[in-house]
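Residues per chain are reported as follows:
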Amino acid sequence: MASHRARFLALGMTAVLATGVLAACGSSGNSSASSKKPILIGASLSLTGDFSADGQAYQRGYELWASYVNSHGGILGRKVKLIIKNDNSSPTQVDTNYTDLITVDHVNLVFGPFSSLLTAPSAEVAHRYGFAFVEGAGGAPIVFSEKLPNVFDVSLPVANELDPFVDWLKSLPASQRPKTAAYPMANDPFATPQVQLAQSEMQPLGIKTVYSKIFPEEVPDYLPNADLVAHANPDAVVLGSTDVPTVASFIHGFEQQHFNPKIFIAAAGPDQGAAFTSAVGVANADGMMVPDAWYPGYPSAQSQAMVKAYVAKYGGTASDVNADVAEAYSVGQVTEQAVEGTHSFEGSKLIAYLHSGKIFTSVQGPVQFNHLGENVKAIAFIFQWQDGKFVQVLPANAKGSVKILYPKPHWAS
Amino acid sequence: MTAQRTLRAAGLVVLLAVVAVFPLVFTNPTATLFAIDTLIFVIVASAWNMFSGFSGYLSLGHAVFYGTGAYFMAVAANDWHMNGSAAFELLPLAGLVAALIAVPVGLIALRVRRHTFVVITIAFFFIAQLAASNLSVTGGSSGLILPSPPFASATFNNPFYYLAAVLAVLTVALAWLVRRSRYGLQLRAIRDDEDRAAGLGVRTMPVKLSALVLSAFITGMAGALWVYFIGTAYPMFVFDPLFDLAVVLMAFFGGLGTIAGPVLGALVLEPAQQWLTLQTTGYESEILFGALFLVIILFLPRGVLPTAAEYLTKGRAVLARRRERPPGQSPSELAESRGGSSRS
Amino acid sequence: MGSEITYAIAAGVLGGGVYALMAAGLTLVFGVLDIINVAQGILVVLGAYLSYVLYRHLHINLFVGLLITVPAMFGIGVVIYWLFIRPLRGSERTSMTLLACFAVALIIEGVLYREFGSNYVSINAPVTSASVHVLGIYLPDIYLYGFGLAVLTIVALYLMLYRTGFGRSVRATMQNQTAARLIGIDVTRVSALTFGIGTGVTAIGGMVYGSISGGFTPNSGYDLISRLLAIVILAGLGSIGGALAAAVFMTTAEALVDIWQPTWAVAVFYLAMIIILAVRPSGLFGRRAVRAQ
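Chains as they are written, first to last, in this note's numbering: chain A, 673 to 1085; chain B, 2 to 345; chain C, 26 to 318.
These are calculated hints, taken from the structure and not from any lab test.
Where is the CB? At the ideal position from N, CA and C, for every residue including glycine.
A hint or two may mislead.
[To be verified] What the simulated footprint calls covered on chain A by chain B, stretch by stretch (three residues with Cβ under 8 Å from a Cβ of chain B suffice, anywhere in the stretch; the number is not a length): (1) 765-771; (2) 785-797; (3) 806-819; (4) 855-862.
Please take these sequences and the hints and turn them into a complete structure.
So, in structure tokens, the structure goes:
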């Protein structure tokens, strides 16, 4: 029987210990920031796990913004201090992190995490404590379906990203349009809706669908899928990809099958700068298209300054700066303008101000929120790799657009 | 003996009292949030142990039941417009659905043993995850959002906390009852030598299957509670392979097949992991966690409690011998104190 | 449609070869040491990173690079065994080794994050885009090499097991450790070497995996391990040749379903395994394949 007692004693002691640790956690940050102290801004980012690549880019974006603000006098005369916690791409941890930031660290403001999948649960926590939740990576419909009043996405809503591409096809004379198209899509809340929308708009233009299938995410290779698309021999491939490896797999598969589509546009991947060209080769990138709201060459002074600061701080070249950085940076900018506009950190005031229809500026262009918190001013662009450079091609009449390369050149190797 | 029993009862009462007053003393939501996550793992680790620890069939697919309960909750709360405390009434139903799923899973998987069983449970896990991301009822890969519970923000966590606490206490009590019963004995007989147990007249399949179904029922309820607390259901989060590993690690950490072991494992490991992730940025937490595990595995190979009990027993034996008495424990008690891990 | 099926079968068979190659080390360790090495996924990824470094940074040919990565991973395997698995004994050994392997996997993953960060890296050698035209279809070179290397590896492992003195010790160890010890075999040494060999051949699988995948991160191991385990279990305990057959069977079934329903194709992979094991619990090739002299 002694062993039983030992067990219960151990259990009791652990409970007491755990309680003590929690008490320590709970009491550590009680002093709330006085006006002289820095403004504390909390964010949870996925520094490990599935979303870690994007999470780390976001971290850089937030940090670049903070150092810019601090070198320009801070916000309302106060310096900014970022507290970033790792959520390991897990919703349980993201809940913990935002609760911790708000109730233990007593942050003044919070910024969003990476991925809609984590934005939805964390927006709920921020809402519970009356915080405005400005974010740059929660553009999937599910985030807005929650209809939380405190959510503001500074980026482009994902469903309409391919609009300029479809508009361009419409503008082509019927004889020059592709005759057939294939739509392989990853089973993903971002990739699938936009490609399906594009398909439904391309079919009425007389572009015949020869392949349209959703394939699972995160399989180690896409050989069978790429083979089947190549076998259908479409003029245009609209790939619902989520990352570089998916696009690279399809490109390798197409090369192996000696299949070269006239148009190849991917929902994500080609926008990843050096990571993309390193995976497929600079020559093979030629003609590859991708929709996005921002690129390192984005013609705005703010954006250029940010890119310069990025290269100065993290090294590399301008093309290494990925759109995540600009999204994160924009979150900071919009929040900053709202705080300066209201002279307040109070959630309810910020929320009302952000909803007021005012137009904010950001490195991604103008930002204005509708009642759901979507950015209605965001403009979708289509970018293309041309001679090793990532350039804006659509909408054709937009500032900064160059002539589209069509048809796509043949694979290099 | 009576003194020890009183002491045990007193310890239990103190423990229950700590659990009961915890949210009143630690009102900070981060504290209660840690506590909820931990209690959910107490429930699941105990439920897992009730099947795998007792029967020796290591399941790496309990996320199937956790996820089934969670998705049932998400769908039902939305479709039947149940929110607040009304949504909590769905928990037993969620458990029931998970238990129903466990029947065919068990009928197939329990035909095989050891490694093959482990891998089959993993396969079931992936099929469930895939189904969740492909079916329309689960919202596919877009997932589902649950209604926000209409609780005040200051005490938002409390209903979840108390519910989790009650479930945890009931689960541990049930595990204790099962372990003491004839049924528990049959399960352990299966673990020690299934063919021999069958030869001795244990109807192994019904015994194993019912343990799995019972375990799935509890796990499903825990999943439903968790998803309502988190507020969103995505396939990759609801069916998370790391969840399975976490549960197994907790049971092993404390002591497989014991009652208090999985509880201890959950109480230590869940807060430790979240805390480590909070304290470190990036890869350090993984390296630290891995290293910590190796240390535990190498130095406490049977789990904390059985190893500690063993040392205690040895100490006692030495004491007893000094008093020129025969060693204090009968062989059966010794086996008990080792968490019954006396499979030769 | 007919030609689509041809493509699917070709992709399935070749893909199966690559999986068998990645699983070869797992099968060996499983069969001989009775260890479920759940670190196999991350070991494949580690092999891929090693090949990546040699190819992209030191410009060493992928195949030549194996002369470096295989011995390096062999060493890593021996060390892992010696430090973390050898001390585990007793009745719960099987489960404890599983946990130890998981802990090792976590550490390797953390170290890879530390060294390479979390961005995708890719090998992108010319061989990944080349193909040959055979019987009216294009067969990708890298998969052909992968298949060839799988066959070579399996043959080499067979020869080692059945034509060398060391192989005899390994088989004796596999059948009965106590008896092996009694006839003077240093079981611990044999086990460590076997674990090392299993890890070493994983370097080959890692090179091919790194080449066929469009990119990988330290996190990629999780997508591999369950498939590799399924193949090994379906094949039956320790049947190395059986792993090739099982892998080809499963990837071909998957590729065929892929024509109509790609989203459910992965489920077919696991369903096929469950159904077969429900009927034949010892797997397709059972114990006999290894035990037979």
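Quick check: the stretch 855-862 of chain A, covered by chain B? Criterion 3+ residues, Cβ under 8 Å.
holds (count 3)
Mind taking a look at whether chain B covers the stretch 765-771 of chain A? Criterion is 3 or more residues with CB to CB distance under 8 Å.
holds (count 5)
Apply the coverage criterion to the stretch 806-819 of chain A and chain B: a residue qualifies when its Cβ sits closer than 8 Å to a Cβ of the chain, and three qualifying residues are needed.
Contact hint for the stretch 806-819 of chain A vs chain B: holds, 5 residues under 8 Å.
Tell me if chain B covers the stretch 785-797 of chain A under the three-residue, 8 Å CB rule, please?
Our answer is that it holds, as 4 residues pass the Cβ test (under 8 Å) against chain B, meeting three.
Of the numbered hints listed earlier, not one is contradicted by the structure.
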